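Peer 1: Since the structure of chain F is provided, determine the placement of chain L on it from the hints.
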Amino acid sequence: MTLGVREAKRAGTTGAGGGGPVDAAPDGLRASTRGRLVLRRFLRSRSAVFGLVTIAALYVLAFVGPLLAPWDHTQQDYSAFLRPPSTSHWFGTTQIGEDVFAQTMRGLQKSLTIGLLVGLLSTLVAAVVGAVAGYFGGWVDRVLMWLVDLLLVLPSFLVVAIASPAFRGHSWVLFALLLAAFGWMLTARIVRGMTLTLREREFVRAARFMGQPSWHIIARHILPNMASLLIIDATLNVGTAVLAETGLSYFGFGVQPPDVSLGTLIASGSRSALTFPWLFLFAGGFLTLAVLCVNLVGDGLRAAIDPSAARGTARVRGARRARRFLRRAGAA
Amino acid sequence: MAEPILSVRNLVKHFPLRVGVVFKRVVGHVRAVDGVSFDLHRGETLGVVGESGCGKSTLAQVLMRLEPPTSGAVTFEGRNIFDMRGAELRRLRRDIQIVLQDPYTSLNPRMTVGDIVGEPFEIHPEVAPKASRRQRVQELLDVVGLNPEHINRYPHQFSGGQRQRIGIARALALRPKVIICDEPVSALDVSIQAQVMNLLGELQTEFGLSYVFIAHDLSVVRHLSDRVAVMYLGKIAEIGTETSIYEHPTHPYTQALLSAVPVPDPELRGRREVIRLSGDVPSPVDPPSGCRFRTRCWKATDLCAEQEPPLTLRLDGSDADREHPSACHFAEPRPHVVA
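So the sequences go chain by chain: F and L. For reference, each letter of the first sequence is one residue, going 1 to 332 in full-length UniProt numbering. For reference, each letter of the second sequence is one residue, going 1 to 339 in full-length UniProt numbering.
Simulated from the structure, these hints should not be mistaken for laboratory data. Note that this is a predicted model, so its numbers are computed, not measured. Glycine included, each C-beta is placed from N, C-alpha and C at the ideal position. Do not rely on the hints blindly, as some may be mistaken.
What the hints assert, rightly or not - Estimated spans, in silico, between C-beta atoms of each pair:
hint, chain 1, residue 1, chain 2, residue 2, range
1, F, L154, L, G78, 58 to 66 Å
2, L, V285, F, L158, 51 to 59 Å
3, F, V140, L, R18, 12 to 20 Å
To be verified - Stretches of chain F that chain L covers, calculated by requiring three or more beta carbons in the stretch to come under 8 Å of a beta carbon on chain L:
hint, stretch
4, 89-101
5, 264-274
Stated by the list, open to error - Negatives, chain L to chain F, calculated, CB over 10 Å:
hint, residue
6, G20
7, V127
8, W298
In isolation and in its complexed conformation, chain F is listed as follows (with noise of 0.2 Å):
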């Protein structure tokens, strides 16, 4: 990771230094592919590196935390009910002394799979979905619209409701799969109407007449022209996730007792949020800290694909070098 935050600072200081009023031009002949070029955008915001850090520091805390933690999430601590954070136990203990810290890590472990694979997964099955109906149109169109619909009429929280019996015992996993399969279909009709007019677009055409397969042209000109909105998707869809799979299991469906989520955690916490602020505020502030920076890194991806979005660090840069030059002018 220090590397790639060096990178990104050398990466800033030849722009500016080059004076160039868009992409660093001089090394321009050097990073050869798009997809370097996008990275070093991206790891050039600041906010976006912290994002992706966090979220990783989160990661590592959530498996190496309990190693390091005296107390395991099933066990409980009867010399201790209800104690606020303490050397012992460092996030406090529960009404029936289990440790919270304990609890929190399971649960972020748990949250931040599922919220990340569910955000990721339907935004997936939605683009992919949504496209292919709005290119090809036809009865393609057709047949996955009436699908669509018929997942939009199906009262999904039932659905999963029923079906989490099945799975009990199995791999939460399969519960992750079950909330993205549910997640992707409003999605899935943004994109196809988008479609619909990029796919009339010139250079959609220019592909065609060169002669560039459907799937290709697919991945290549209407995709990546749909980004902003597929990255702002997924990252909404990360905090729907947490939240949804929060509800099921508040009611007793998805992750199961004695294994905790962020969602359990919060929903026994929340009761006592002002009184015992313990329960509620770490499980909480680690859901938030999360999201947020799941946000943070989709907006950097976003202003990193979007190649318009860099006048905004151009203007930056400017202003910099301009003070640069009147603060030379003054000394001399």
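Peer 2: Only chain L this time, still in chain F's reference frame:
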């Protein structure tokens, strides 16, 4: 003259008009292209002019094999392009390229110039091995007069004329033999138009290209074309060399078009006779019987409504320079003031 590189025979493209919600009923056909024939020779530029909706762009799409024709044949180097399959079709896609009208929408805003110009190499990897692609793209940018160092820039960082140069570089990438230009300069400023047209001319001599140059601006077409075809409602009204069409037009429609071209000479203003056509272009769904231009033609008689005038030589060999095919029963040159 040598064997034509591209020859079009009786090309017809009708789009069915469907009505109905569940059961679609065909109620008619838009006759976008209705029996077009011409030859394109090596190193030649054929200009195609006509007003909006006369089928110019549909013609381009059919020539590119993006739309199947209703009937007719297009032969490229002796082979009918509509019979081509597989490897042969891939080969054709290399040999015929297109430059599109609007440089603001014809370049993907999310791709760098290097990716845009290099995209044809991805589809036809045999043309340039992966390692040399970047260099080939830079050469192409150099050829069209752009700075090769701008390879990592995005389209929005270029002006309209530069963008059209990018579009031309993309069309040139595979070393095509024929380039179809679908109104390549009509979205540009006049000063930039000249630059882009001169570039097209230079490239033609350098690479021995043949152009089908579609436009609605007569002076643009004259500047670049060796021969000119005038289209009206999906048919060719008149076709001939650049001089014979511009100096000695015989079809009333061509005469009307030419008389509407502004002449940059205030002395001539008012002295020139401008032919004003009345009415609109009839619907291509239900074109007039006989000659399609008769509804707006001042020469029209009953004969025009009954018989469709074929596109044949009209002048009886009086002057070889002026002689060219024209689809009018009463084709005759008409004196008009040209600066």
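Peer 1: Can you let me know if the beta-carbon spacing of L154/F and G78/L is within 58 to 66 Å?
Peer 2: 60 Å, holds
Peer 1: Within the assertion that chain L covers the stretch 89-101 of chain F, do at least three residues meet a Cβ-to-Cβ distance smaller than 8 Å?
Peer 2: Contact hint for the stretch 89-101 of chain F vs chain L: violated, 0 residues under 8 Å.
Peer 1: Verify that the Cβ of W298/L lies farther than 10 Å from every Cβ atom of chain F, and report whether the claim holds or is violated.
Peer 2: Fine: 39 Å to the nearest Cβ keeps W298/L off the interface.
Peer 1: Falls inside 12 to 20 Å, the C-beta gap from V140/F to R18/L?
Peer 2: Once the Cβ atoms are compared, 19 Å apart, the range 12 to 20 Å for R18/L and V140/F holds.
Peer 1: Per the coverage rule (Cβ-Cβ under 8 Å, at least three residues), is the stretch 264-274 of chain F covered by chain L?
Peer 2: Violated: only 0 residues of the stretch 264-274 of chain F have a Cβ under 8 Å from chain L.
Peer 1: Is the Cβ of G20/L more than 10 Å away from each Cβ in chain F?
Peer 2: Holds, because the least Cβ-Cβ distance between G20/L and chain F comes to about 16 Å, which exceeds 10 Å.
Peer 1: Against the range 51 to 59 Å, how does the distance between the Cβ atoms of V285/L and L158/F compare: consistent or not?
Peer 2: With a Cβ separation near 52 Å, V285/L and L158/F satisfy 51 to 59 Å, so the hint holds.
Peer 1: Just double-check V127/L for me: nearest Cβ-Cβ distance to chain F has to come out over 10 Å.
Peer 2: Given a closest Cβ separation of 12 Å, the condition holds.
In this structure, the hints that do not hold are numbers 4, 5, in rising order.
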